[in-house]
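Chemist: Listed below, chain by chain, are the residues.
4 protein chains.
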Amino acid sequence: MRFFSDNAAAAHPAVLEALAAANRLDTAYDGDAWSKQLDGAFSDLFETKVRSLWIATGTAANSLALAALCPPFGGVICHREAHISVDECGAPEFFTHGAKLLLSDGEGAKLSPAAVEAVCAGIRPDVHQVQPRALSITNATEYGRAYTPDEVAALGEVAKRRGLGFHMDGARFANAVAHLGCSPADLTWRGGVDALSFGFVKNGGMNAEALIFFKPELAEATLYRRKRAGHLFSKGRFLAAQILAMLKDELWLDNASAANRGAALLAQAAGGRLIHPVEANEVFLRVTADEAARLRALGFDFYDWGPGAARLVISWDQDETAIRPLAEAIAAL
Amino acid sequence: MRFFSDNAAAAHPAVLEALAAANRLDTAYDGDAWSKQLDGAFSDLFETKVRSLWIATGTAANSLALAALCPPFGGVICHREAHISVDECGAPEFFTHGAKLLLSDGEGAKLSPAAVEAVCAGIRPDVHQVQPRALSITNATEYGRAYTPDEVAALGEVAKRRGLGFHMDGARFANAVAHLGCSPADLTWRGGVDALSFGFVKNGGMNAEALIFFKPELAEATLYRRKRAGHLFSKGRFLAAQILAMLKDELWLDNASAANRGAALLAQAAGGRLIHPVEANEVFLRVTADEAARLRALGFDFYDWGPGAARLVISWDQDETAIRPLAEAIAAL
Amino acid sequence: MRFFSDNAAAAHPAVLEALAAANRLDTAYDGDAWSKQLDGAFSDLFETKVRSLWIATGTAANSLALAALCPPFGGVICHREAHISVDECGAPEFFTHGAKLLLSDGEGAKLSPAAVEAVCAGIRPDVHQVQPRALSITNATEYGRAYTPDEVAALGEVAKRRGLGFHMDGARFANAVAHLGCSPADLTWRGGVDALSFGFVKNGGMNAEALIFFKPELAEATLYRRKRAGHLFSKGRFLAAQILAMLKDELWLDNASAANRGAALLAQAAGGRLIHPVEANEVFLRVTADEAARLRALGFDFYDWGPGAARLVISWDQDETAIRPLAEAIAAL
Amino acid sequence: MRFFSDNAAAAHPAVLEALAAANRLDTAYDGDAWSKQLDGAFSDLFETKVRSLWIATGTAANSLALAALCPPFGGVICHREAHISVDECGAPEFFTHGAKLLLSDGEGAKLSPAAVEAVCAGIRPDVHQVQPRALSITNATEYGRAYTPDEVAALGEVAKRRGLGFHMDGARFANAVAHLGCSPADLTWRGGVDALSFGFVKNGGMNAEALIFFKPELAEATLYRRKRAGHLFSKGRFLAAQILAMLKDELWLDNASAANRGAALLAQAAGGRLIHPVEANEVFLRVTADEAARLRALGFDFYDWGPGAARLVISWDQDETAIRPLAEAIAAL
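One line per chain: the protein sequences are A, B, C and D, in this order. Note that the numbering used here gives residue 167 to position 167 of the first sequence, counting from 1, and the numbers run on in steps of one. Note that the numbering used here gives residue 21 to position 21 of the second sequence, counting from 1, and the numbers run on in steps of one. Note that the numbering used here gives residue 43 to position 43 of the third sequence, counting from 1, and the numbers run on in steps of one. Note that the numbering used here gives residue 324 to position 324 of the fourth sequence, counting from 1, and the numbers run on in steps of one.
Careful: at least some of the hints might be erroneous.
Put simply, identical chains are the same to the list, so a pair is met inside one copy or across any two.
Simulated crosslink set (SDA-like; lysine to any residue; CA at most 25 Å straight-line) [said to hold, decoys possible]: (1) Lys160 / Ser183; (2) Lys215 / Leu333; (3) Lys248 / Gly31; (4) Lys49 / Asp150; (5) Lys215 / Asp126; (6) Lys215 / Glu107; (7) Lys160 / Ser112; (8) Lys49 / Ala331; (9) Lys36 / Ala322; (10) Lys160 / Arg2; (11) Lys215 / Gly108; (12) Lys36 / Ser5.
Think of the hints as simulated: they come from the structure by calculation, not from any bench.
Please model the complete structure; the sequences and the hints are all you need to start from.
Modeler: Encoded structure:
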């Protein structure tokens with residue numbers, strides 16, 4: 001049983017149905033009937049007027065957001081273990097034309113206002129040093145931790161005071177919302193977020209994420225950047241349709257809740273082995289190499305996360321039946 | 001009836017079936033069972049060992065190819081009306097980090113060896129001028145003209161002599177092959193082509209093209225560039241599966257042949273109105289504004305192509321029944 | 001005697017004296033006493049508040065200006081024979097991160113409002129095509145032609161209407177002003193120019209040009225871009241001092257006038273051989289290969305300018321005595 | 001008395017004399033008599049065939065070197081406090097088109113082989129992470145520490161084993177050589193260095209550094225990159241002449257020795273206040289805010305280097321007479 005990545009999971013049947021339903025003649029690029037519904041659908045969801053673009057990958061969505069918020073000569077404050085820094089092969093640098101990631105620390109890959117202030121304070125305000133222009137956080141974080149609306153708002157305050165654009169990498173935004181039970185609006189623009197990469201692929205989608213601009217004027221240049229990066233699909237309706245399917249009847253929230261439940265089940269079984277509180281669909285365990293080997297011998301697959309640790313990710317389609325054997329195996333270690 | 005773009009057409013049912021079949025757990029990115037078959041499948045098709053990457057859009061495939069062939073300070077010789085110059089919003093400049101497109105002319109958007117030589121001859125070999133490093137042609141061209149294997153080889157000769165990487169934009173490669181009845185190998189690497197953007201989306205695919213490197217060593221850096229451009233999909237099997245479905249039983253060739261047949265039918269009806277010989281699935285007609293209006297009044301949709309001209313594109317799914325009414329309407333003008 | 005480039009000439013003695021005078025301890029970069037005088041000096045000269053930066057080369061000044069006026073995904077309208085297009089090895093593409101030069105034509109390397117409008121009109125206002133965002137002209141042009149204040153203003157009108165930033169490459173701005181006898185203000189911002197590369201090197205300087213922003217707010221980002229491009233010299237006072245020396249007592253104008261006079265002398269001698277009216281310090285002659293050889297045999301050096309043509313450039317330090325023999329040799333051909 | 005930067009110092013009289021001597025007609029750019037001597041002069045100095053380019057600033061020299069050694073999608077290992085990371089406003093990112101600086105630590109801003117290995121070991125060899133492609137060290141370091149030939153060679157070993165290009169930022173290379181008494185060859189290519197930014201400006205030059213390629217083939221692309229960055233000066237002879245003047249009769253070494261002697265004098269006076277051993281022309285002192293104020297009240301100017309520390313830099317033109325009062329003031333604190 002695979003627990004190494006929610007990217008490995010299948011797409012939800014509703015997504016495939018949506019593709020089939022969209023499989024007819026329509027206008028190319030984003031002039032079709034599905035793409036035109038996105039702004040409305042997301043504006044409803046976020047209770048404010050937003051501009052939204054379908055983007056095929058989270059990496060592209062994140063990088064396009066950063067390019068909209070930070071000039072080539074600026075810096076983006078983020079956590080040292082942020083996906084944009086560690087796992088995107090320099091995509092932010094590519095899309096921003098060489099902006100610098102200004103790395104900070106914090107437990108569970110979370111940034112605090114103080115940490116952001118410390119980065120700013122350490123930079124001389126002269127032309128010799130890259131000046132911070134944007135702040136990027138991941139919610140839920142790379143360690144499955146959720147920023148609360150209050151925590152987001154506190155960072156939004158710093159961003160505003162320092163003149164930083166504020167981006168949220170929401171590859172697992174759904175899991176954060178599901179965990180917190182808050183409104184998407186409270187977790188984003190009400191706390192000062194300017195742009196959100198809203199992930200669907202890890203959550204039952206196939207290849208469509210959404211980039212949401214809460215300051216609609218930021219979208220304009222991004223339309224050109226998206227095209228220029230080869231991300232304006234000629235049959236864009238197949239991306240829009242996926243997203244609409246995920247939004248319909250809160251499928252995105254249901255899927256995330258299911259994955260979170262699975263993770264909670266494992267967390268319960270793991271007890272003192274937990275490295276981080278489980279607030280999304282990821283579980284980080286202390287396990288010896290021997291223990292890890294025993295779990296694998298039982299057919300469970302997962303990532304080693306440095307020596308003595310393992311990462312297990314639960315997907316939308318892994319229900320209690322799927323999780324239970326692993327939970328028991330962990331408890332039995 | 002829409003004749004304005006083959007991008008508007010539906011995806012072939014086999015492509016959707018392939019998506020459904022691929023909709024199960026597998027390794028993320030391009031480590032899955034489908035992606036791993038691509039090199040073999042394309043090596044068979046091209047009768048030589050190739051490296052192949054799935055890429056979601058033709059714009060990205062073209063630009064990644066050019067980035068592999070041309071340094072940031074180099075130039076890419078192409079036709080003034082090439083898609084890479086006119087319709088990709090500067091994507092080649094983005095991916096190559098500012099290489100310059102060196103524009104040339106030629107009937108039907110075709111470049112001749114003499115035209116390429118003329119571009120080279122007009123550039124002083126000093127550091128003040130951008131030196132040509134690559135040659136890019138489109139086959140079939142933006143005007144639906146096909147380069148023959150001999151014509152490709154003649155350009156390949158120039159490229160070799162001048163030290164130029166040689167790229168073929170094959171958004172409608174299938175239509176060219178179908179028209180010429182030649183082997184894919186003869187139309188590409190045997191004529192000196194280094195990299196081919198092999199299009200599937202206009203030909204019944206959904207969102208997967210292939211970038212083929214006939215010099216396998218060129219692929220290495222491109223793997224990083226693809227990731228960095230946000231084009232490494234986490235569920236890459238859904239792209240690979242589309243391509244494999246298109247390759248199976250020569251579906252790519254059947255679809256292109258069907259579209260070509262439709263175009264030939266229109267060409268016959270158009271007679272002296274033809275602006276370009278019809279060698280693929282595009283038909284360019286001389287029509288007055290009044291005539292264009294009359295066709296539209298009958299329900300036919302297409303692009304105006306400057307004053308007095310119209311472009312009609314036939315898709316893989318438009319059979320004789322679909323084409324016949326338009327052919328008759330054109331003949332009756 | 002060398003007539004092939006005003007770049008080959010010596011620096012004016014006043015410039016060397018200024019270097020010597022500046023050769024003492026001061027603050028590094030542009031915090032020194034000389035650099036701080038630039039804004040005032042240029043604001044006086046241009047009769048309006050400007051921001052000015054010393055830049056060592058015209059290529060860098062031009063490219064920094066374009067980067068200030070045009071986003072990476074935009075286009076810069078310029079003449080097909082503009083220095084920025086032909087002779088800077090893609091520097092504008094480098095500094096702007098891949099903006100496209102949109103080439104137009106016009107006699108004597110001059111753009112007309114109609115030509116600019118035609119470029120704009122030929123571009124579909126959609127994301128597939130690079131949208132024009134800036135206009136760049138050279139004054140005096142690459143063929144030694146001067147735009148008058150009225151001509152500049154007419155282009156400024158178009159730029160304003162089309163939302164284009166307006167840049168003037170003034171590598172030979174001094175020669176244009178000397179020829180026209182107008183005020184620097186009339187030839188620039190009063191006609192809508194936003195940024196001027198004010199050349200000194202071809203006119204008796206050593207290695208200092210000025211980049212003038214008539215919209216002071218444009219300078220801010222350029223300070224970072226200058227540093228980032230390695231163009232913020234640590235001993236910047238040696239650049240500022242050169243410029244101040246050139247501005248003092250209108251040395252810049254005197255030098256240009258001297259060079260223009262020399263060119264006028266040659267023009268007179270050349271008569272019907274002139275390819276372009278002589279309005280600056282460049283003379284383009286119709287000469288056969290044999291005639292060119294005869295001139296060279298007499299010790300005159302110059303550029304061939306394609307078959308049957310020669311370019312002669314007069315420098316600030318070539319007085320009548322230096323010119324006369326060439327004028328006679330031309331007359332005697 | 002200013003001790004805050006060797007950039008603030010005057011240029012050596014021999015440099016000004018060289019400028020005066022070069023102030024006559026010659027070929028533009030780097031086709032002149034002075035520029036042509038550089039390769040020979042540096043090949044002599046380094047006892048091997050090198051290619052050398054004049055570059056006006058250290059920032060540009062460093063960045064051009066890195067662009068020659070590292071692709072846009074690669075990483076450059078350097079010290080966290082390296083000038084290229086901290087004080088060049090993202091110039092390396094600009095010139096390399098977005099390569100990432102991979103930061104490491106080490107006492108006195110020195111990298112050890114183990115530290116470099118640790119960076120490499122921490123990076124998964126897949127396309128999701130930026131792969132190290134180059135190593136850059138500063139000699140003497142930002143804290144005035146000198147790498148010995150053995151230390152350089154040990155790093156060169158790692159670079160070779162890991163396939164990393166090896167760059168040395170030699171803004172104060174002269175000071176390191178003067179301190180070590182070794183040959184320039186031993187400190188560079190014999191230890192595996194591929195490219196050296198050889199600084200002259202901090203050492204008595206005006207605005208000319210040299211970029212030395214010990215693998216001559218690396219120079220070719222850099223010639224284009226230099227032009228494209230606006231760093232090919234039209235009157236390049238004024239840069240070449242400065243460098244030749246500095247090389248003549250080992251002026252570069254004499255100047256550096258003089259500055260080092262001054263620093264040694266201060267070091268002696270400072271005793272236990274020294275934060276770093278003094279191996280070049282920089283002295284880092286522990287001083288309280290009050291002590292710093294007292295020194296400043298006596299007319300000595302310098303940088304605060306965080307709380308409780310001061311940086312003093314001695315220039316080539318500060319002889320014992322100039323230094324003695326400061327040494328005494330420090331001793332008297």
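Chemist: Run through the hints listed earlier and report the numbers of any the structure violates, in increasing order.
Modeler: 2, 6, 8, 9, 10 and 11
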